[in-house]
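S.K.: Using the sequences and the hints given, assemble the complete structure.
Here the protein sequences line up with chains W and X, keeping their order.
Taking the working numbering, the leading residue of the first sequence gets -13, the next gets one more, and so forth.
Taking the working numbering, the leading residue of the second sequence gets 43, the next gets one more, and so forth.
For the record, the hints were derived by calculation from the structure and aren't laboratory data.
Cβ atoms here follow ideal geometry from the backbone N, Cα and C, with glycine treated the same way.
Hints are not guaranteed to be accurate.
Unchecked claim - Part of the chain X face toward chain W, derived, beta carbon under 7 Å: (1) G74; (2) A82; (3) E91; (4) G92; (5) G151; (6) G341; (7) G342; (8) E401; (9) G562; (10) Y731; (11) M760; (12) E761; (13) L765; (14) Y768; (15) I771.
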Amino acid sequence: MKRSDPVSPVEEEVEPSGVSRRDFLKISTIAATVPVVASPKTVLAAGEEVAVSGPGKVPISLLVNGEKLSAELEPRVTLLDALRNNFNITGAKRVCDRAECGACTVLMDGKTVYACSVLAIDAQGKKIETIESLSRGDQIHPIQQSFVDHDAQQCGFCTPGFVIATKALLDKYPNPTPEQARKELAGNFCRCGTYAGIRGVVHAGRKGA
Amino acid sequence: MSPVTDKDKTPYSWPDAKDRSVIGSRVSRVDGPSKSSGRAKYTYDYNPEGLLFGLMVRSPYAHCKVKSVDTSAAEKMAGVKAVKVVQGPGSEIFWAGDDIVGVAAVDEGTAEDAVRAIKVEYEVLPHMVDDWSEPKSAQEDTGPLSMDDLINMFQNQVPDEDVIARVKRDGITFQPAQEFLDAAGKEGVDKSVLAAIRTAQIKPAVQKPKSPFKKQAAKTQGDPAAAFKESEVVSEGLYGVPVITHCCLEPHGAVAAWGPGDHIEVQISTQNVSGMAGQMAEPLGIPASNIHMQQQNVGGGFGSKFSPDRWAIVAAQLSKQAGGAPVKMMLERRAELEVAGARPSAFARVKLGAKKDGELLVWQSSSWGTGGPGGGGMPPIPYVFDVPNQRLEHTSVATNGGPARAWRAPNHPQAAVLTLCAFDDMAAKLNMDPMAFLLKNIEMTGPRAKTYTEEFAKADELMGWKSRWHARGDKTAGPIKRGMGLSLHTWGGRGHASNCDFTVYPDGAVEIKMGTQDLGTGTRTAILMVAAETLGIPIDQIKLLIGDSKYPVSGGSGGSTTIGGVSSSTRRGAVNALKQVFAKAAPALNATPDQLSAKGGKVFVTADPSRSLSWKEACARIGAMPITSQGKNPNKQEPPDLTNSGAGGVQMADVSVDTETGIVTVNKMVAVQDCGLVINLKTAESQCYGALIMGISYALYEEKVLDPVTGRMLNADMEHYRLAGYGDIPELVVHMMTGKGYDERGVIGLGEPPVISPGAAISNAVANAIGVRVPFLPLTPDRVLSALHKTTSSKGVA
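M.R.: Here you go:
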């Protein structure tokens, strides 16, 4: 691996199998020979000076469900892992960890994102809403109630992601066509086979939720 | 509880339909709000104080020997709290992804860094991952039999006469100790076989040529040769189902904390709360009573989560090394798919003989398949139909894929494909409607013939089968061809051993404790429904505690045994509690205990309901100390038997196939299912809907693809291990057979049966649409196109 050229990370020659997303970020900063103690750090990327953080822990603060949460985290930590491991907000689940299954779906500035594929450091300054934000104590959100009514959950591990995705769908299309529902819910998978119930939730739409 | 009138009935009997207000109704699952709100806690969500994150170094090779392990760099890393060599130098590794070294660190990033800093040298050995090619090179096994050979034959149910013949012909390699014979006898090995072993000639072991193939189960019934001569129509075909992976959304794993006095607290993602400690005690070298196991929710198991696996053991060992800090060891997704899930494959060449009128005379099959390094047994073929003349042989294929785990209805979905697809091809050759063909031979299904006949009639009505069915090959113009297929299935589903404790407090509060678990099937809700029905009070007045090894032992949730077990123990426990409440309340009502009933929140005189106490008032008569009672299943002292065995179901599929792209779309599926007395109609239907969806998934998409070159799983992620998604699901119709003729059978499990038929039904529908059989599932576009164009498919079988 070349370690001296301040090239952009994507041009680095890295072993395809041995390097994780987190490594990748770490390597890219090391590759740029950033002095570890200097702050703020900058590197040359595509001919421009860019500020970098890490690879050690840096202060990160997030706005989650209306609450400001702070922690010292390595820049490689994902939003999902920060929520789950550092703030004990565990409604969003880690399943595929690679933006394939949707179990970690949260809202970022009102849009659905896979929390496993957003770095916590990049989520700063954004409004994060997790499944927990939809209910107040025992008072659950109408869409959450609709999941109960239509028995749209079994083991329940995909459910928080599906509830968020369904809320986003119904916010966008209050009475969605089957095609709109297929498209908007295509990013989530269930293993127990609860789609029939979820279809009931979608069909009931906002009026049923 | 209602009074006992029928003389066959006891107070424990299930109430008659007219007396039921809860059982059989549709009740929303009680843990629904906690799940849909994200509050439900799973093992993966458990974050105790001082938690360390565990991770494994995994073998990159499918078959190798560990030469050396150097953990020194990892041990020196800041934040690494424990390193444990799991399989050290000299260990032979039989599948890629197997555990080599475990680490525990303060955060996940550090654990990943530590794993990468561990240097392991391997001696790479040859591997074999091809289970789909016909094992033509399989040699007949010869030479004296070792103890392992014999155990293998027992496990594969090789017929007694064959075992005896082998033992007499070839001898054995060991002195058969009495303990071995006793143990074999206990496992059900016949006395004649034991006698043959006892008197066998002992010969020196010979070096047998190493072969992944092993001839196993063989069977001959009737006179197959004569039956083929008698047959007017003969049909031959090739069928198969590959290895698929469980893909539990919550991966396997545990959080273990090694506390003072060698007491261990474990949260584990399991189907088997009561059965875990016993499996962990020996490897950890501590008494099982020192292990406290808990689990509130489990994110999927499907048969794969009965053992603590090495992961929970290593988590506990790492915790001990780290001074007792809790260690969370959850499998990363790649490992979950590669090593923690495998449904055995099954392939077969099947030849059938029948009369022109559709009477099936003879079945002949040569099957093979793998369950991983241990080979694999024969699925129960011919499935459901006891064909009068049969000849079967099976070859077990040992591969370097991960070891098999039970998968929802073990071996039945494979057996259904091998059997019902072969039957469908025969029906096509006879130019018969396959439903008519199955009904013509339905007596071969034995005691369930009537059930299947009724179910076909219902399914016909729901699918419009008779009016819409066409002969094989959709003759309409255009590239999109439409067709229908069907299948049927059975499963045991008798309730497992289950115990529970009831406590009724003087204020009317009721608490139930049971060491069971709710996989998402609705177990909690079913227990509460039975208790509420029996005590005559609302569900929300009863507190249910499950998921803890300190509660009364209840069986693992597998084989559809849970609902029969927990409903029976709950019924008996509730009746026993109620008897005591009646005894205390009777004087206040000027009655004897046997004159009382409980319903609608009241305890009243059966003959005069106006003489009543509210449940709370009745319980106030208990006195200061609460009442306790136990419920147990099975329990011959408290008859009748409340659970039963033998569910039956039929399914139909309607598909469209794009003959230009090979893409299969399911348009509609119908499931008609019996499971005796239904406790909760809502969650029972959900089991069927879920099974149809899971079935569509394995019929069309799922296959654990192992690379012959590297021996590794090529699709160990959720993009390439494709599950059916929301958009892949057609119209689904579920009908539960209930009422007279069904309810009185007692409670029968439902988790497995409806997942058995979809593969066969969809494959048959595709054959009906395009006019040719696609031999192997999943019915991917490449397989459909190669079947259409009679070219060699990607799996090398024409």
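S.K.: Please flag the earlier hints that this structure goes against, numbers listed from lowest up.
M.R.: Hints 3, 4 and 8 contradicted; others consistent.
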